[in-house]
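Turn these sequences into a full structure, and let the hints guide you.
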Amino acid sequence: MKTSDDALIRRAQALDPEALAELYDRHFDGIYRYVYTRLHHHADAEDLTEQVFLKMVDSIDRYRPRGVAFSSWLYRIAHNLLVDRYRRAGREPMELTAELRDARRHADPAAVAQHSEERRRLLAAVQRLTPEQQQVISMRFIDNLAIDEIASLMRRRAGAIHSMQHRALASLYRFLLEPEQVEVQRA
Amino acid sequence: MRDLTRPLQECLRAMDDKHNLQEVLRRYPADRDELIGLLRLSVDLGAMEAPAADPAFRLRARNRMLAAAAHRRQARRWNPLAALPRPVVRLVYAGALAAALLVGGLTAAAASDNSLPGDPLYGIKLGVERARLATTFDSAARVRLELQFADVRLAEAQRLFAAGRVNDGVRGMAQYDTAVTQFNRSIAGSALDTRAVDDLSRALDERAARADATLKELAGSLAAGGDAEAAAAVARTQSHVEQAWSGSKRDLQSRGSASQQGGHQTKPAPGEPQPH
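Just so you know, the sequences run in chain order V and L. Residues 1 to 187 (my numbering) make up the first sequence, in order. Residues 1001 to 1276 (my numbering) make up the second sequence, in order.
For the record, the hints were derived by calculation from the structure and aren't laboratory data. Using N, Cα and C, we set each Cβ at its ideal position, and we do this for glycine too. It cannot be assumed that every hint is accurate.
[As the list claims (entries may be wrong)] Label pairs and their in silico Cβ distance ranges:
#, chain 1, residue 1, chain 2, residue 2, range
1, L, R1077, V, A7, 21 to 29 Å
2, V, R10, L, D1113, 50 to 58 Å
3, L, L1106, V, G30, 51 to 59 Å
4, V, A7, L, D1113, 55 to 63 Å
5, L, R1072, V, V83, 19 to 27 Å
Here is the structure:
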């Protein structure tokens, strides 16, 4: 961790409003998307994201910079709140939603249509992965978290996450080579 | 399925760090096509993103968080401990608890001073005596303490008899007997200088005379009250204690005369190495 981050966190631990606002601005988008990807509902995602940052204020004095990265600590709060919500709702955790959009911009309408179809097939294939593989894939590539952060969130070793990442991508690759089967699954 | 964990990891790292991906792929010619397929997938997945939050909500949630922080700051002002890091707070609480235990312990120790065998605080009294003996490293001072504790045992037995607790009084006599025997053993096993020998001799003469008078009076009073058994127990203790006092006196006298012959120096206990 950079010294400036250490200093920022120390100020935030003293409840300095500027430091807290800075941390909020740095992490808001990532946390919101992380939550939304798993709840598929704007109002729920807003509610839970707000809880994450209120909890951050409430327990930031317990955070120790030498332990885990601040972002991992924050994602852990989000993860725990999500797990609580899933438990209350009796839902399977970490299913990816079809509402994820393609962040790439295409000028050509034909390219837009083709990418839209590819995205639909890819999401259908992702939904055939095990919940744990979906979790790794979405944290790694959609939430853009580092392997160490994912390992910390899933309480696994980094090596195990690397291996899971490979197995998930290899399975996806295989599923996408069998388009009919994916269609059958969807039906 | 072949395990491409390591090559995939290297390729993804090269992409993240904007290094030359082709160089990495050249190292794995047999797996090149599959690796490219996996990397394309990772790019496609990375291109997917959840819709952004409503900017109004973003601002609202930010303000609520800052309001919560202000409220918490206010609470810290009223409670200065809340502003300290938690380990420090724990230390403060632990210190307060230790101080409370210390004060409580000292209070209990003081309160136990007048307790008698069978009282709830009597164990504390004996514990304090043992602690004082354990922390007294000077031989002469330790022997004097043992003499003092023998006096305490005799006073306790007297009070027990006076309170009509005859059986406890008889047990108290046995405790006194044990304390005097212990004193006698300590005299024999301690290195004492001439001054300590003189002091102890004087104290011993005075205590022996006083204890003898006390025990005689006690035995007489018990016999007069019709408690012949207790009176006999006191008499036995008196006889036994007298022998112990005599042994201690002889020991001290022999050390006194040796010191007069050899000058003013520390006298070793029997069995201790002789100074050269």
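Each hint, compared with the structure:
1. L:R1077 with V:A7: 21 to 29 Å: At 23 Å between Cβs, range holds.
2. V:R10 with L:D1113: 50 to 58 Å: Because 52 Å falls inside the window, the suggested range holds.
3. L:L1106 with V:G30: 51 to 59 Å: holds (57 Å)
4. V:A7 with L:D1113: 55 to 63 Å: holds (57 Å)
5. L:R1072 with V:V83: 19 to 27 Å: Holds - the Cβ-Cβ distance for R1072 (chain L) and V83 (chain V), about 25 Å, lies within 19 to 27 Å.
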